[in-house]
Amino acid sequence: MAVIGATLAGMVQAQTVSTYGTPGLIELPTAEMFDDGALVFTASAFRDTARATMTFQMLPWVHGSLRYAVLKGFDGARGDRYDRSFDIHFRLREESRQAPAIVLGLRDFGGTGLYASEYIVATKTIRDRFKLTGGIGWGRLAGRGSFANPLGLISSRFDERSDPRAGDISETGRLDFGNWFQGDAALFAGASWQYNDRLTFLAEYSPDLYDEERDRIGFDIRAPFNIGAQYRFRNGSQLTTSVLYGTTLGLTYSYFIDPRQTPAPGGQGASPPPLRAPGDSQGDIRTALDREGLRLVYLSQDRDAVTVGVENETYGQAAQALGRTARVLANTEPPRTQTFNIALMSNGVPLGAVQVDRNDLYELEHDPDNAWRSLARVEISDTIPILQGGVLRDAYPHFSYRFGPYLNFSFFDPDDPLRYEIGAALGLDYTLRPGLTLSTGLRQPVLSTLDDSTRVSDSTLPRVRSDWAIYARESNLRVEHMTAEYLWRPRTDFYARTTLGYLETMFGGASAELLWYPTNSRLALGVEANYVAQRDFDVLFGFQDYSVATGHVSAYFDLPGDYHAQIDAGRYLAGDYGATFSLDREFTNGFTVGAFFTLTTVGFEEFGEGSFDKGIRLEIPISWLTGRPSRNKIRQTIRPVLRDGGARLNVRNRLYGVTREARAQELSRGWGRFWR
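Under this note's numbering, the residue at position 414 of the sequence shown is numbered 432, and the numbers go up by one with no gaps.
Using C-beta positions, here's what the derived DEER-type ranges look like:
1. 110 x 236: 36 to 42 Å
2. 495 x 386: 52 to 58 Å
3. 492 x 683: 44 to 50 Å
4. 95 x 247: 37 to 43 Å
5. 653 x 518: 23 to 29 Å
Don't read these hints as lab results, they were simulated from the structure.
We put the beta carbon where it would ideally sit given N, CA and C, even for glycine.
My request is simple: use the sequences and hints to build the entire structure.
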């Protein structure tokens with residue numbers, strides 16, 4: 019992810035960042051927070067140790083981190099240690115004129131426990147440029163100068179701390195609730211002085227004794243003090259040089275991304291057509307929509323109104339497609355047509371509709387607040403009541419294709435923590451009639467390290483995912499999917515899908531889904547059932563002898579702000595039962611950061627390394643990077659190496675993703691692009 023971060027340039031202003039990739043001094047945390055929504059990528063290195071951290075400010079008062087560390091020679095004869103860990107930090111109070119900010123944090127609460135520690139820290143700013151920090155820590159932060167836990171006054175259970183499993187890779191992923199804030203405690207402190215807008219000096223007293231590193235790799239500590247200087251570049255990134263514990267030189271580099279701010283100048287695409295005077299309306303609707311990158315598939319006209327159905331092939335925000343369509347209608351329809359009904363379609367299936375009054379377009383065209391004024395005047399509804407016949411005769415069959423490069427990553431393989439595959443992908447779609455599509459996806463790897471893995475799965479479960487390395491080694495040209503899919507609307511507020519064929523890289527069979535999702539509802543409910551067989555390792559046309567029935571019931575909820583929650587409960591590919599919990603934050607421009615975890619009837623020991631399935635996912639719109647309209651996204655999931663427990667079928671075009679862009683709340687979020 020550091021590679022991805024280094025290619026992005028949306029910057030936010032931020033305070034200093036520690037070697038752990040969180041707001042801090044050098045090694046110690048502070049009680050500060052990054053700007054809301056910020057993504058921070060940090061790389062730090064010092065003697066025999068390297069850390070890479072991604073931190074996301076998920077709420078104004080809470081941020082979480084995923085860290086990957088490499089410790090050279092830590093495992094003796096077995097070699098280097100690759101260690102992953104998770105942090106979470108909560109702000110308990112904001113800084114005021116009289117009192118400091120206070121933060122409670124958990125470091126490495128879901129990893130091996132190598133860095134496990136908890137702390138409460140306070141930071142106070144004095145005269146803008148000088149900051150004092152002090153706190154109390156447990157676990158790893160309770161080394162030098164430790165004393166009896168003050169929480170022991172509340173309960174004796176806080177007095178003792180069990181073995182934190184430091185370095186025990188077999189138990190990584192488990193939450194060590196029983197150790198949090200337990201055992202001895204110690205104090206830490208530090209200060210920073212901002213010399214000017216670019217340069218900041220740092221100093222701290224750290225109680226961390228680096229016991230494991232001292233015993234295993236000979237890390238030397240002569241003094242409990244760290245000093246450093248941090249320089250902020252013009253693009254907002256930071257470089258910190260430091261002297262650690264009187265013996266070691268350290269370097270830390272942090273790169274900041276604001277998902278709300280595109281790194282490319284906006285408006286790189288063609289500008290929308292200007293509104294002509296009503297008397298000048300002329301031209302062919304289809305031709306005009308084609309110029310805007312929109313496909314007309316439905317048309318119905320009467321004296322006062324026109325209804326069109328369009329497929330958005332160009333714009334990441336549906337509201338932008340609606341705005342362009344409304345302008346085209348105003349420029350092509352005669353003056354007597356006062357009402358425009360615009361339906362968003364997918365493969366000929368209606369998703370949602372917006373009714374626009376022609377006079378509102380002209381009245382609000384130059385209004386400085388035209389986006390929200392126009393949103394208040396439009397009517398958003400389901401499409402079924404307004405679409406009665408009218409599908410254009412020559413709209414189907416319809417053929418489309420996609421061709422371009424692809425890039426796959428695999429993370430956290432103990433033999434190689436970052437594997438990749440680069441190749442060419444071809445996608446072919448042939449829609450025979452509304453809703454019925456034949457689709458094929460082919461991939462040809464060109465450069466890959468995925469197939470270098472020689473690790474043999476030790477799973478005791480059916481190997482539905484853990485044989486991923488065999489799939490990489492034994493396949494060349496791959497049929498990623500080859501399906502016949504039918505989408506339809508059983509009735510108002512309902513959507514249905516059936517898919518048959520090679521559904522994904524590792525499984526083929528039959529899949530069916532039903533979704534209830536009213537246009538103005540924040541809640542959606544769905545059910546999916548599948549019967550699948552495992553595909554041959556060459557990813558062509560054969561099957562292995564493993565088959566399974568799976569299925570889930572799902573609930574989706576749009577939370578206030580940019581957040582979306584999802585719960586899926588049912589049976590997974592290995593035959594285990596359980597539930598997956600997901601939370602995503604999607605910004606108005608489509609940039610998404612999310613996390614998920616799955617708990618099933620597979621026990622931690624049976625699951626293996628990682629204990630249970632979990633991960634972080636990113637979706638970066640191509641338009642965010644280029645400034646040009648596009649529906650394409652870079653999608654990346656960061657998770658432990660694929661295991662078998664909690665593995666779910668990867669079906670294309672799940673209904674919630676297909677239909678969500680036409681929901682009232684989604685159109686509202688993106689309505690600022692209606693006039694662009």
